[in-house]
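As given, the protein sequences belong to chains A and B, one line each in that order.
So the first sequence is numbered by the UniProt record's numbering: it starts at 1 and just counts up by one.
So the second sequence is numbered by the UniProt record's numbering: it starts at 1 and just counts up by one.
What the hints contain is simulated information worked out from the structure, not anything from laboratory work.
Please note that the accuracy of each hint is not assured.
Pairs count within a copy or across copies, as identical chains cannot be separated in the list.
DSS-like mimics (lysine-lysine), calculated; alpha carbons at most 25 Å apart, straight line [stated by the list, open to error]:
#, residue 1, residue 2
1, Lys23, Lys42
2, Lys157, Lys260
3, Lys155, Lys260
4, Lys260, Lys290
5, Lys278, Lys290
6, Lys28, Lys190
7, Lys402, Lys359
8, Lys32, Lys155
9, Lys42, Lys157
Number of protein chains: 2
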Amino acid sequence: MQIESENLDKKVGFFLSGWLWIKGLIEKFFAKLREIAKQIEKTAKDDPRRLIHSLKVGVALTLVSLFYYCQPLYRSFGVSSMWAVMTVVVVFEFSVGATLGKGLNRGMATLVAGGLGIGAHYLAMVAGKTCEPILIGLFVFLQAVASTFIRFFPKVKARYDYGMLIFILTFCLVAISGLRSDEIIEIARKRVLTILVGALTCVVVSVFIYPVWAGEDLHLLVAQHLDKLGHFLEGFGERCLRTIEESDNLVGLNTVLDSKSREEILANFARWEPGHGKFMYRHPWKQYLKIASLTRQCASRVDSLNAYLNSKSHAPKEIQGIISSMSRESGKALRELSLAVETMTRPSPYPNCHVSSLKAASKNLNSLLKSELWGEHANLLQVIPVAAVASLLDDTVTSVEKIADAVDELSSLANFGNAIGGETTEDKSRNGVVTLVGIVIEGSDQVKKGQSSGLQAG
Amino acid sequence: MQIESENLDKKVGFFLSGWLWIKGLIEKFFAKLREIAKQIEKTAKDDPRRLIHSLKVGVALTLVSLFYYCQPLYRSFGVSSMWAVMTVVVVFEFSVGATLGKGLNRGMATLVAGGLGIGAHYLAMVAGKTCEPILIGLFVFLQAVASTFIRFFPKVKARYDYGMLIFILTFCLVAISGLRSDEIIEIARKRVLTILVGALTCVVVSVFIYPVWAGEDLHLLVAQHLDKLGHFLEGFGERCLRTIEESDNLVGLNTVLDSKSREEILANFARWEPGHGKFMYRHPWKQYLKIASLTRQCASRVDSLNAYLNSKSHAPKEIQGIISSMSRESGKALRELSLAVETMTRPSPYPNCHVSSLKAASKNLNSLLKSELWGEHANLLQVIPVAAVASLLDDTVTSVEKIADAVDELSSLANFGNAIGGETTEDKSRNGVVTLVGIVIEGSDQVKKGQSSGLQAG
Chain A
1 MQIESENLDK KVGFFLSGWL WIKGLIEKFF AKLREIAKQI EKTAKDDPRR
51 LIHSLKVGVA LTLVSLFYYC QPLYRSFGVS SMWAVMTVVV VFEFSVGATL
101 GKGLNRGMAT LVAGGLGIGA HYLAMVAGKT CEPILIGLFV FLQAVASTFI
151 RFFPKVKARY DYGMLIFILT FCLVAISGLR SDEIIEIARK RVLTILVGAL
201 TCVVVSVFIY PVWAGEDLHL LVAQHLDKLG HFLEGFGERC LRTIEESDNL
251 VGLNTVLDSK SREEILANFA RWEPGHGKFM YRHPWKQYLK IASLTRQCAS
301 RVDSLNAYLN SKSHAPKEIQ GIISSMSRES GKALRELSLA VETMTRPSPY
351 PNCHVSSLKA ASKNLNSLLK SELWGEHANL LQVIPVAAVA SLLDDTVTSV
401 EKIADAVDEL SSLANFGNAI GGETTEDKSR NGVVTLVGIV IEGSDQVKKG
451 QSSGLQAG
Chain B
1 MQIESENLDK KVGFFLSGWL WIKGLIEKFF AKLREIAKQI EKTAKDDPRR
51 LIHSLKVGVA LTLVSLFYYC QPLYRSFGVS SMWAVMTVVV VFEFSVGATL
101 GKGLNRGMAT LVAGGLGIGA HYLAMVAGKT CEPILIGLFV FLQAVASTFI
151 RFFPKVKARY DYGMLIFILT FCLVAISGLR SDEIIEIARK RVLTILVGAL
201 TCVVVSVFIY PVWAGEDLHL LVAQHLDKLG HFLEGFGERC LRTIEESDNL
251 VGLNTVLDSK SREEILANFA RWEPGHGKFM YRHPWKQYLK IASLTRQCAS
301 RVDSLNAYLN SKSHAPKEIQ GIISSMSRES GKALRELSLA VETMTRPSPY
351 PNCHVSSLKA ASKNLNSLLK SELWGEHANL LQVIPVAAVA SLLDDTVTSV
401 EKIADAVDEL SSLANFGNAI GGETTEDKSR NGVVTLVGIV IEGSDQVKKG
451 QSSGLQAG
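Same shape as in the complex, but just chain A (with noise of 0.2 Å):
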């Protein structure tokens, strides 16, 4: 009795622990499902012209495809058919400048390298049957040798690297393939044909349905990045004087000084596009990247000013107001030079108007904190910490002033429109510098008041 339901006790254990096993494996597929829809939920939230780019590959691939389906297509063109379908997948990016740089490189290089080719084969074969491989091993292997070396080039790699590397892979096959076969002029006929289809097909489809710009992406980004910068310094004003949560602020701030290869890439991406909605052929995007360098410049300041911040410097209240008032002012300056880039206006019509102003202010608030210091020793110990802020944000605001003059270069270079509210903005930025005058002309009377009580006292 005693060893059967010993027996029981061991199968019931068994099924059991095979039961949980099976169990938590379940569970286990079903929370990476979870998590796998979540991940394709982020990825379609974050930017949903993902998923129409996806839905434009298969259209792209099911309209080459077409070689294979139609008798009339297949029977002139045969296996090379492939080379359309393999063109499609390779070359449709995502926004329209990389798939007409990719589409522009594959095609030049193939023609070109496909000629090259052809050349050699018949050079070749002049030299006899026994000359005729060693010839074309060695045509390979040095063509092989310079294109790869020619890549290493920084403007070949920047613009033309895919087209080297479409020259080597087509001189290379049409040149060997005429080892094998007789109709090399057929076979590179229909190949190239059918490449120059796909990339057609790439082209039409990536610039008519949906089209993603990158130079529209790149426009954009700088925008956003002076936005998120005047944003980040407008906080810093608001947390002189009281403390807020600044984490998603740091953030933010982390991606404009990361940004740096990003805007690169777009940049050489919307060389490549045709002029589009309020953009033309030649945009200086150039200039852009200049305006993106100098922000994140800034924002290397602004970051050293936000460890500051950490430090709970208690300063004068007027010295803190100023401080406060000046980064607002600041940060407002970006975030109007933001919205001028974003909606192609020029700048108020004296750009530096409010930066120089701005310049003014800082000098006051160093004048001020060094009769600040004459007036009332028992803030030395305050004043360091003080001292380097107004310092750092003297130089955020010469940089500040740096960014408004190559928005300006921007706004000529590319001929930007008047903005219709214009006076209004213009308004608005002088009653800021009005404010800002008028804190620091107060401040600084305060300051004074205090010195003469104490000069008295004395």
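Assemble the complex: chain A is given as a structure, and chain B must be docked to it using the hints.
Here is chain B on its own, set in the frame of chain A:
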């Protein structure tokens, strides 16, 4: 006579202008040639491994073109030999990690997609002659949409982007080819075999002929950037006392600041690499990225610090001296850390001893600054920028401390050995600290003297 001479003049003029035009063209041509020659020389000099890489590509291509040269090989593989050539051109990359990553991606994706493609083909065949093309079209469309969308997932994009591309390509080619050819399995077999041969050739040539390891590059890059930053800080210390040219140093700083994407790409490649030299298979490459990120953060602080050099503050000699020696010591600490990373030796047994004494010096500096303010009011005008520099230096020291911690973590993660001359390095750094503390004490003594004399005078 006159008409004839006029004609002659015209002819001479024509020939002359023609000659000048041709001469100009020839000169331009030679100028262009010289420019290209310079470019070639620069590209090869910047990194001689580029030349070797080009030769390696030539060798690998020549090896796989044996498929065409050898009668027995060509008899068994035919036009599929093309895929070996294509694979070599597309997969062969500069570093072993990149080549391995692409090769494995291509190999795996081809196998999986080939299998699924054949499956789709048979599934569609079961449905009958009329439904077959419709089903195949549907499969191709759905697969393309899903795979293209998955390519946007950040994790997939970083490591398996190429694999997904090849997956789409292979699935489409196999599934669609099935419509037109009955030998689909035979075609797939040949293609997979030639692709594997191509990928294997790449990997073998890449690993066994002068290999370029992405991991080693990352390792050296991180050490080099630490060294550059240290060098810059040492130079800053020198420049506090006198004026030195700084332009080339600043360029170095910008290289450090803009290195993020390059480091991330290298780390990504490094993860594909097997153990080699001093590195094991799962070397903590992520820790290198952490150090690099902290280095960039420190560089950003140093960049702000550098902005003050132009303000030419004439601080009191003692304070200038302390700032100078503090930044020199920070620089030395960084260069020591760089050496530790480069030689893969544990940093000195008390890694923070060096840095914490820097911290103490920084505190001393601050109190000295304050007492200086108390002592001599006449220097107040110069105090503000000096205070800012002192604060920034304090931040920099905190940054250096963080880097020291990260390097220490790396040394335990990667089992760094002990330095052969470990004692000496430690002694050196201690000597450095002793000198530094000496300077600070001496400086504050001088100030105390000044203060007490001031008090006596009062």
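Index of numbered hints that the structure contradicts, given in increasing order: 1, 6
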